[in-house]
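*Asks:* Sequence:
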Amino acid sequence: MRLVHDPDGAARSLATEVEYAESMLEQGRGLMFRSSIPDDYALVFPFDRASRQFIHMLFVRFPLDVLWLVDEEVQAVETLQPWRSVGYANADTVIELPGGAASDVSEGDTVRLE
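So that you can map any letter, position 77 of the sequence shown is 77 in this note's numbering, and since no number is skipped, the others follow by simple counting.
If you're looking for bench data, these hints aren't it; they were derived computationally from the structure. Be aware that one or more of the hints could be misleading.
Label-pair distances were calculated between CB atoms; the ranges are [claimed, not checked]:
{"hint": "1", "residue 1": "S23", "residue 2": "R112", "range": "33 to 39 angstroms"}
{"hint": "2", "residue 1": "R61", "residue 2": "D8", "range": "31 to 37 angstroms"}
{"hint": "3", "residue 1": "L25", "residue 2": "E73", "range": "25 to 31 angstroms"}
{"hint": "4", "residue 1": "D8", "residue 2": "R84", "range": "17 to 23 angstroms"}
{"hint": "5", "residue 1": "P63", "residue 2": "Y20", "range": "20 to 26 angstroms"}
{"hint": "6", "residue 1": "G9", "residue 2": "S36", "range": "30 to 36 angstroms"}
{"hint": "7", "residue 1": "E107", "residue 2": "P63", "range": "16 to 22 angstroms"}
{"hint": "8", "residue 1": "G9", "residue 2": "S103", "range": "15 to 21 angstroms"}
Note that the structure is predicted; figures quoted are calculated from it, not measured. Even glycine gets a Cβ: it sits at the ideal position worked out from N, Cα and C.
Can you make the complete structure from the sequences, with help from the hints?
*Replies:* Next comes the structure, spelled out in structure tokens:
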């Protein structure tokens with residue numbers, strides 16, 4: 001499985017190592033306590049419906065790019081700093097990537113899992 005950014009029909013891979021955080025425990029833990037993640041890694045948080053989704057960086061040791069999606073359309077993109085950042089937006093899917101991995105992703109773009 002891979003995560004693809006497709007802004008204008010010119011698809012490019014954002015991550016080839018994709019992990020899902022589906023249970024409440026997995027979603028609560030997220031990337032806390034890990035020392036690093038691979039450059040081509042994505043953690044996907046699927047939700048039943050679009051609603052306000054909150055991400056914190058407590059106990060996360062490295063910067064993350066976070067995407068909030070509704071029906072594969074990017075609603076918000078933010079780079080969160082270790083230990084001190086928080087972010088939130090409306091989403092049915094939240095994706096965490098290594099810091100800088102989503103530098104060319106903008107609101108309104110399409111991001112999908114293949």
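*Asks:* Evaluate each hint against the coordinates.
*Replies:* Outcome of the hint check:
1. S23 / R112: 33 to 39 angstroms: violated, 23 angstroms
2. R61 / D8: 31 to 37 angstroms: At roughly 35 angstroms between Cβ atoms, D8 and R61 fall inside 31 to 37 angstroms, so the hint holds.
3. L25 / E73: 25 to 31 angstroms: The hint (25 to 31 angstroms, Cβ to Cβ) holds, given that L25 and E73 are roughly 28 angstroms apart.
4. D8 / R84: 17 to 23 angstroms: About 35 angstroms separates the Cβ atoms of D8 and R84, which means 17 to 23 angstroms is violated.
5. P63 / Y20: 20 to 26 angstroms: Holds, since P63 and Y20 (Cβ atoms, about 22 angstroms apart) stay within the stated range.
6. G9 / S36: 30 to 36 angstroms: Given about 33 angstroms between the Cβ atoms, the range holds.
7. E107 / P63: 16 to 22 angstroms: At roughly 20 angstroms between Cβ atoms, P63 and E107 fall inside 16 to 22 angstroms, so the hint holds.
8. G9 / S103: 15 to 21 angstroms: Given range 15 to 21 angstroms: holds, Cβ gap about 20 angstroms.
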